[in-house]
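> Whole structure, please, built from the sequences with the hints as guidance.
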Amino acid sequence: MSLAFYYALLAKKQSDLLRLESCNSKLQTKQGEFSENENLMIKPSLTTTTWHGNWAQAFDDIRENGILASYIEIETTQFSATFEALATKIKEIQEEIERIQQIIAQLLAEQSALSQ
1 MSLAFYYALL AKKQSDLLRL ESCNSKLQTK QGEFSENENL MIKPSLTTTT
51 WHGNWAQAFD DIRENGILAS YIEIETTQFS ATFEALATKI KEIQEEIERI
101 QQIIAQLLAE QSALSQ
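In this text, residue positions in the sequence shown follow our numbering: the first is 1, and each later residue adds one.
Be careful, since some hints might not be right.
Unchecked claim - Mimicking DSS-like on lysine-lysine, the simulated pairs with C-alpha atoms at most 25 Å apart in a straight line are:
#1 Lys26 with Lys12
#2 Lys43 with Lys91
#3 Lys26 with Lys13
#4 Lys12 with Lys89
#5 Lys91 with Lys26
#6 Lys13 with Lys89
#7 Lys89 with Lys43
#8 Lys91 with Lys30
#9 Lys43 with Lys30
#10 Lys91 with Lys13
#11 Lys26 with Lys89
Note that these hints are calculated values from the structure, not bench results.
Take a look at the structure:
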């Protein structure tokens, strides 16, 4: 394959890497915002002056055991899995970039040897 092909491939992989790193950064910001809003899942608190009784208790149970539990699942497990997948892909692309750079260096060395 030609040098032009490898230079184009290198540019594409570098662009992909920048996009993933940007995505990772933005997602970390969103995770912080998500964590800050966890307390909103159980607001407003129910009191005898707002709403009470069996229906209020059932509603509170749903908020705490359903909504809040799901929110925490997203906040911990799902964000972690996503960050892990991003880190794996970033590392993979970095390794591809290194291999492409090595191929380019090898092709340049071969061209230089042929021209002498």
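> All hints, please: hold or fail.
Each hint, compared with the structure:
1. About 21 Å separates the Cα atoms of Lys26 and Lys12, which keeps this hinted pair within 25 Å; it holds.
2. For the given pair, Lys43 sits about 41 Å from Lys91 by alpha-carbon distance, which is inconsistent with the 25 Å threshold.
3. With a CA separation close to 20 Å, the supplied pair Lys26 and Lys13 stays within the 25 Å bound.
4. Under the criterion of a C-alpha separation no larger than 25 Å, the hint pairing Lys12 with Lys89 is consistent with the structure, at around 15 Å.
5. About 18 Å separates the Cα atoms of Lys91 and Lys26, which keeps this hinted pair within 25 Å; it holds.
6. Proposed proximity of Lys13 and Lys89 is supported: the alpha carbons are some 11 Å apart, at most 25 Å.
7. Distance restraint check for Lys89 and Lys43: the Cα-Cα separation of roughly 38 Å exceeds the 25 Å cut-off, and the hinted pair is therefore not satisfied.
8. A hinted pair counts as satisfied when its Cα atoms are at most 25 Å apart, and Lys91 with Lys30 qualifies at roughly 22 Å.
9. For the hint pairing Lys43 with Lys30, the CA-to-CA distance comes to about 21 Å; that is within 25 Å, so the pair holds.
10. For a cut-off of 25 Å, the pair hint linking Lys91 to Lys13 stands: about 12 Å separates their Cα positions.
11. A threshold of 25 Å between alpha carbons decides the hint, and for Lys26 with Lys89 the separation of about 16 Å falls inside it, so the pair holds.
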